[in-house]
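Reading the sequence shown from the start, the letters are residues -19 to -1, 1 to 260 in mature numbering (1 follows the signal peptide of the UniProt record, and there is no 0).
In short, the hints are calculated from the structure, not lab data. Model, not experiment: these values are computed from the prediction. Mixed in with the good hints, there may be bad ones.
With a straight-line Cα cutoff of 25 Å, these simulated DMTMM-like cross-link-like pairs (lysine to aspartate or glutamate) come out [stated by the list, open to error]:
1. LYS12 to GLU84
2. LYS61 to ASP153
3. LYS182 to GLU84
4. LYS124 to ASP5
5. LYS61 to ASP30
6. LYS61 to GLU133
7. LYS124 to GLU68
8. LYS182 to GLU68
9. LYS182 to ASP30
10. LYS12 to GLU133
11. LYS182 to ASP48
12. LYS61 to ASP8
13. LYS124 to ASP210
14. LYS124 to GLU84
15. LYS227 to ASP210
16. LYS182 to ASP5
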Amino acid sequence: MSLSKVAWLILGTAGLAAAHGHIDRIDIDDKSYGGFLVDQYPHEQNVPDLIAWSTADTQDAYVQTFDYNQSNIICHQDGKPGVLAGEVAAGGQVTIHWSRWFEDHRGPVISYLANCNGSCASVNKTQLQFFKIEEAGLLDNSKSPGRWASDELMAANNTWTVHIPPDIVAGDYVLRHEIIALHNAMQDNGAQAYPQCVNLKVTGGGTATPQGVPATQFYTPTDPGILVDIFNNLATYVIPGPALYKGSDAAPTTIRPPAGASSTALSSSPAWTTLAAAF
């Protein structure tokens, strides 16, 4: 094992003993909504009404791979829907702010939507059918372990902007936003999933009702994007989960490479991955 890999494994193990991160703020247009503060709200009697889902996890822990077919992978440990919903126009943007993140916890950032077919405040999460609206993974493989979507999130002050498809039918949706940390993913049960959920009320829009799948069917422990050694000079990375939804106005989107990296378009470069359908 290389010295660099040993160093990253040590850092990754140290990170396990500390908190990782959670969504602490959601910005939509000129309005800000608070997230579910795992270090505060579980210990309080009067928790404010939120658009964010609550969780029984108070340590910013992750969902392990052997739970990928269990309900905790949907919206984290014992996730329960928020009472409120943040209003966003179809084709609009939702900016997610994470409380913090660790540099060594590199991996993809993925976002999904599921139509609640009614109020999300009382939805049965096991019945939600999610479709993937954005994904980003390995952005630059010129130097192992590479530059990842999680690095972009950190560079943007722990924020990620999610683009809502313009063609989906108006209604109440759950936005499932997730980082998967891969620093220990070279071993069984090593990948770390951090799913977070938020209620949205999508206005305007079109008539599209994308087909989805339950979150419990997204991943398996042996998927190539889950069981993977990011320290082994990856040429490509296969982002796990269902296929990316591409609406009627979709087109490939590219991520600008970091300084000094290749500027080859995503579609022709194995080191880069599609971020999202361009809406």
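Do the hints match the structure? See the list:
{"no.": "1", "hint": "LYS12 to GLU84", "result": "29 Å, violated"}
{"no.": "2", "hint": "LYS61 to ASP153", "result": "16 Å, holds"}
{"no.": "3", "hint": "LYS182 to GLU84", "result": "33 Å, violated"}
{"no.": "4", "hint": "LYS124 to ASP5", "result": "32 Å, violated"}
{"no.": "5", "hint": "LYS61 to ASP30", "result": "12 Å, holds"}
{"no.": "6", "hint": "LYS61 to GLU133", "result": "29 Å, violated"}
{"no.": "7", "hint": "LYS124 to GLU68", "result": "41 Å, violated"}
{"no.": "8", "hint": "LYS182 to GLU68", "result": "5 Å, holds"}
{"no.": "9", "hint": "LYS182 to ASP30", "result": "15 Å, holds"}
{"no.": "10", "hint": "LYS12 to GLU133", "result": "24 Å, holds"}
{"no.": "11", "hint": "LYS182 to ASP48", "result": "29 Å, violated"}
{"no.": "12", "hint": "LYS61 to ASP8", "result": "21 Å, holds"}
{"no.": "13", "hint": "LYS124 to ASP210", "result": "14 Å, holds"}
{"no.": "14", "hint": "LYS124 to GLU84", "result": "15 Å, holds"}
{"no.": "15", "hint": "LYS227 to ASP210", "result": "29 Å, violated"}
{"no.": "16", "hint": "LYS182 to ASP5", "result": "19 Å, holds"}
Taken one by one, the earlier hints fail for this structure at numbers 1, 3, 4, 6, 7, 11 and 15, listed in ascending order.
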